[in-house]
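Peer 1: As given, the protein sequences belong to chains F and X, one line each in that order.
The first sequence runs contiguously to residue 561 in the working numbering.
The second sequence runs contiguously to residue 1561 in the working numbering.
Calculated directly from the structure, the hints in this document are not laboratory data.
Hints should not be assumed to be uniformly reliable.
[Unchecked claim] 25 Å max Cα-Cα, derived SDA-like pairs, lysine to any residue:
| # | chain 1 | residue 1 | chain 2 | residue 2 |
| --- | --- | --- | --- | --- |
| 1 | X | Lys1177 | F | Pro437 |
| 2 | X | Lys1148 | F | Ala380 |
| 3 | F | Lys381 | X | Gly1343 |
In case you want the letters, here they are:
Protein chains: 2
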Amino acid sequence: MTPPPSLRLVIIGGVAAGASTAARARRLDESVAITLLERGPDVSFANCGLPYYIGGEIGERSALTVQTPATLRALLNLDVRTGTEAVAIDRPGKRVQIRAVATGETSWLPYDKLVLAPGASPLRPPLPGIDDPRILTLRNLSDMDRIKAVAAVARRVAVIGAGFIGLEMAEQLIHLKKSVTLIEAQPQILPPLDPAMTLLMADELRTHGVELLLDDAIAGFAPAAADSGLECQLSSGRRVTADLIVLAIGVRPDTTLARSAGLALGPRGHLQVDEYLRTSDPDIYAAGDAIETRDRITGDPVSVPLGGPANRQGRLIAGHLFRPAATRPYPGALGTAIVRAFGVAAGLTGWTEKRLLAAGRAYRTVTVHDNHHASYYPGAKPIALKLLWDPADGRVLGAQLTGLAGVDKRLDVLATAIVGRLTIDDLAELDLAYAPPFGAAKDIVNLAGYVAANTRDGLVTPCDTLPADPAVQILDARPPGLVRKYPIPGDVSSINIPLAELRARSGELDPARPVVTVCALGKTAYFAARILAQRGFQVSALTGGLRARLDPRSPAKLPTL
Amino acid sequence: MTPPPSLRLVIIGGVAAGASTAARARRLDESVAITLLERGPDVSFANCGLPYYIGGEIGERSALTVQTPATLRALLNLDVRTGTEAVAIDRPGKRVQIRAVATGETSWLPYDKLVLAPGASPLRPPLPGIDDPRILTLRNLSDMDRIKAVAAVARRVAVIGAGFIGLEMAEQLIHLKKSVTLIEAQPQILPPLDPAMTLLMADELRTHGVELLLDDAIAGFAPAAADSGLECQLSSGRRVTADLIVLAIGVRPDTTLARSAGLALGPRGHLQVDEYLRTSDPDIYAAGDAIETRDRITGDPVSVPLGGPANRQGRLIAGHLFRPAATRPYPGALGTAIVRAFGVAAGLTGWTEKRLLAAGRAYRTVTVHDNHHASYYPGAKPIALKLLWDPADGRVLGAQLTGLAGVDKRLDVLATAIVGRLTIDDLAELDLAYAPPFGAAKDIVNLAGYVAANTRDGLVTPCDTLPADPAVQILDARPPGLVRKYPIPGDVSSINIPLAELRARSGELDPARPVVTVCALGKTAYFAARILAQRGFQVSALTGGLRARLDPRSPAKLPTL
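Isolated chain F, as found in the complex:
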C-alpha cells in the first residue's frame, strides 16, 4: 500500500521552469504527488536548440527531447499529462480546471501548492494578412517542424526581427541555402545591445548573404502579384516577397489564466512574484518567461525570458516548498545572453548604455579592442569589449562583447564580476588563466579595467566620435603604411605623426588648439594622448579606435606594451 501523498503539487507548464521544479521537488521529497500539466505534446525539450534542427546543425530531432513524458514518469515518478490545458484556477477551492486538448473534456484537479510556468508566446501583431499560413513563429517542436517543412520548399525567406532568435534563424536558413532577408524595425540588429557593438555581427550577416533591412517595420502582408510568394509590406513602402516568413519580434507572457484567477500582474502582463517566487496567492508560485523578477543590480522590476533563469527559478521553488529555511531568496537576473551567427558572437550582461540612459542613471563607459588570445600565437581573433560602470563606486554595471572567439568567456567573467560587486580596479587585477592558446598576460578584461581606471583617474579624456569642429586637430598616430591603406573615413583633415616620432614632432601641432588622437585600436591613441597631455596640449583620445569604424577585421599592428 502506497501511503497518501504528503502534498499535492500541480505544475502548469512542462518545459524549463516547470520541469526543473518537478525534478527538484521529487529529489527533495519522494512522497509528494506531482502532476505536470503541459498543453503541447512535449515536455522538457531543448527549446534553445530549435533553430539548429531547422538548419540541420542538429541532425536528430530526438536530440531535442532528452526527456519524454515516459522518462519523466519513470525517473521522477511524475504524473505527466501532455495535451492538457489548465483553463481555470479555483483559488478558494484550491483546484485547477483542466481540459484535454484532443477531446475538450474538462475536469478538476485539486492542489495544495500550484506552480505556474506557462512561458511566453511569440508576438503576432494584428497586421493585415497576418493569418497567412506561411507566417510562422518558433516556440515549440511543432512550430519547428512546421518551419522546417515550409523551408524545405521555400526559396526566399523573410525573418522579421533581428533579435537573438531572428539572427539564429537567419544563420540557419542560410545554411539551408535560402535567400534570406532580415527585417528589423530598429536602426540596428540585436536591439538589446548598444549600436556599435552590433556592427561586426551585421557585417558578418551581410558577408554570408543575409540582406539586412534596418529601421523598417513590418506593416502588413499580401499575396505577391508576380508569383506565388507572400509580400511583406514595410513602413518605408518597401516590399519583400518571400515563400516563408519567420516572425521573431518578441514574446508576450502567457498569463491569461493567471489574470482570470485574479493574480497580480505587472504593467506588461507578467506575473508578479516575491523573493521566493510566490505570486499574490502564497499557495501559487510562478517561474520562467511569464514572470517579472528583479534586476540583479538595481532591484528594478524586469522580465528576463531566458532558459538559465527559468531553470534556477524552478529549482528555487522546489527548495522553498520543501526546505524553506535553507532556501535563499531569488537574487534576480543579470540577463546575460549571447548569440552566434556564422563566425561572430555577440552578447551582453547587466545594463547597457541604452538602458542606463533611458533610466537616467549615472554611468561611465569605455570600449576596448584586442585579440582573444596572445597576439603572437596563431589564430588570434579580434574581440571588442564595452564596459559600463558606476562613477560613484567604480562597480561594473554591465558589459557587451563581440568578436570572432572568446566572447562567451569574457561575458561569463563579467557576469561573475557583477555578482561579486567588483570594480574597474578589480577587473584590472583579475588573475585569469594564461597560456598562449587561451588568453594573454593582459586579458581584454584586464585591459578594460586599465582603460576604465585611466579614464576615471583623468589620465586620458576619451572621446567617442571624431570631432566635427575643424578647429580640433586630429592626430593620426598610426604607421603611415596603415594610414595610406585605411584612411580615416569621411572628409576629415588629419595629421599623421606615428607614435614613435611624436616626441620629436609634437611641434607640428598647434598648442593653442585642441587635439584628438586616433589609431586603429585605441591603445596607441592613448599613448599619444599621454605624451601630448604632458606637453601641455588639451587632448582627448578616440576610444575603441578606427578599426571598428572602418572594417572591424582590418589589421592593426598594435604595440603590445
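With chain F fixed as given, assemble chain X onto it according to the hints.
Peer 2: Chain X in isolation, oriented as in the chain F frame:
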C-alpha cells in the same frame, strides 16, 4: 634644451615585469629618465610562446619579439641597455654597478628609484653528468634557439619534469615527430594539481605517443653505451637514452644580486616586498618571478612565477612611483594557470586539496562531470570541475578543471568568483551566457554549486572511492547496456538497478547494510541516493562517477534533468 630628468629610474630586467614597469612609468611621466638593463640580447619577448616556436606552431621567430630595444627606445623613450648585467648595488650611494657582458667593462649608474625584475632561472641540480651540452633548459630566446637546433637532429628526447612547461615541450616535440619520454619524480603529471584532475591529460599524452615515467626522479646522466645518445639514470634504476634532454623541473629566483645588496629575502630566496612591492629598501622595488607576494585568499607568503602577475606588478610599481595616492595595494595572486597538450586542457585557480591538506586548513570538495556546452548540440566535449570551499562560510577556495574544451572559461569564472568572495550558493545562481554553441542552461559551474550545496545541506553524502568493505552494497544505477559495456573496474560486486526501476526494486537491497550508489557521471548516483535515503537507507553517492575511473572519454547517457 631638454630639461633635466625629474627622476632617474633604473630597472634591472627587461622582460615581463621590467618592461611593464618601464612602459607604465613613461606613460605617467614624460620627464623621468628610464634605464632598462637586460643581461640578455632581447627585451620584452613572449616567453610563454617559446615552446610553440620550437614545435613550429609559431612559424616566425619575430612573432616572439614584438618589441625590440629599438622600438622601446622609439615608443617609450627608454635608455635600453641589452647585454648589460647589474653586478652590484651601492644602496647608500644609490647607484648600480653594471658590466657589459661582451667586453666585461664595468661602470656605475646612479638611480633615484631602482626596480628589480631579474626573474628566475631554471633549476639545474648538481647531478652527475649535468654539464652535458645536450641537457638544455628553456628560459629565453637563446635557450629556445639551442633546443630547436638540437631537436632538429635528435630522434629521442627526454623531458624531465611534467609541469606546465614540460607538458608544452612534450607536446611540441611530438609535433616534431620525436620519440618523447616525459619523466616526473611525483607519481602524477602536473604536480600542482590534485592527482585525479591530471588523469585525462596523462591519457591524452599517452594517446599521442608520449611515454610517461612517473614516480621516478632523475639521478644522473652518462654517455650511452650502445649509441651516441645520453643516458638519463633514474632513481628506480631505469635508464632512458635520448639525444636531447629538456630539463623543466622548476625555477629558482635570480636574487644573488639582491642578496649581496643585503635586501630581505624569503626562505626560498625570493625578494620580500610590501603591499606596494617595495623591498626592505624603500627606494628599491621588485616584481616578477623573483619576488614573494601574498596568497590572495589567505595572505600567506607565496611565489607565483607567472606572466600575468608579473605584468600587473610592473604596472603597480610605476603607479606607486608617480601616483602613490591613487595606487591600490597589490592584492596578491591566485596562481590561476592553464596548460594545453594536444586536445586536452587542465588548470587551476586558488587552492588545491593538496595544499589545503598540507596547510591543515578545513575544506570541503566535490568533483562534477558534464559537457562543455549543451549536450544536445553537436560537438559537446567532456569537462570535469573540482571545487573546494570553506565549510565555515561556503566561500570558494579553489577550483581545478580538465577537459577537451571550455576549461579556460570556467577557470576564469572561478578565479573571478574567488576575488568576489562568492560562495557555493552564489555559483549555483550565476547568470552565465547560454546559447547552445557556448554553454548550457545549467553550466558546469552552476552544477558544481548545486552539488556542493546539496553536500553541505546533507541531501547527499558523497564518497570519493568505491568501498572496499564487502558489507557495503554497491548500487550501479546505470542502464544495463552501459554496465555491460563498461563494468565497474576491479573485482567489485555490485547490483545493477537502473534509476528508472529503483523505486519498484529497492526491495532487492538489504536495508540493514549501507549502500553506495554509482553511475557514469555522478548525477544519476545522486538521484538514486535521494530515493534510497528517503526510504531509510544509509546511503552515499560516488562523486564524479565511474567515467573518470574507467575511461574519461567513455560515453555516459545522462538524464539532463
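Peer 1: Could you tell me which of the numbered hints above are not met by this structure, giving the numbers in increasing order?
Peer 2: none
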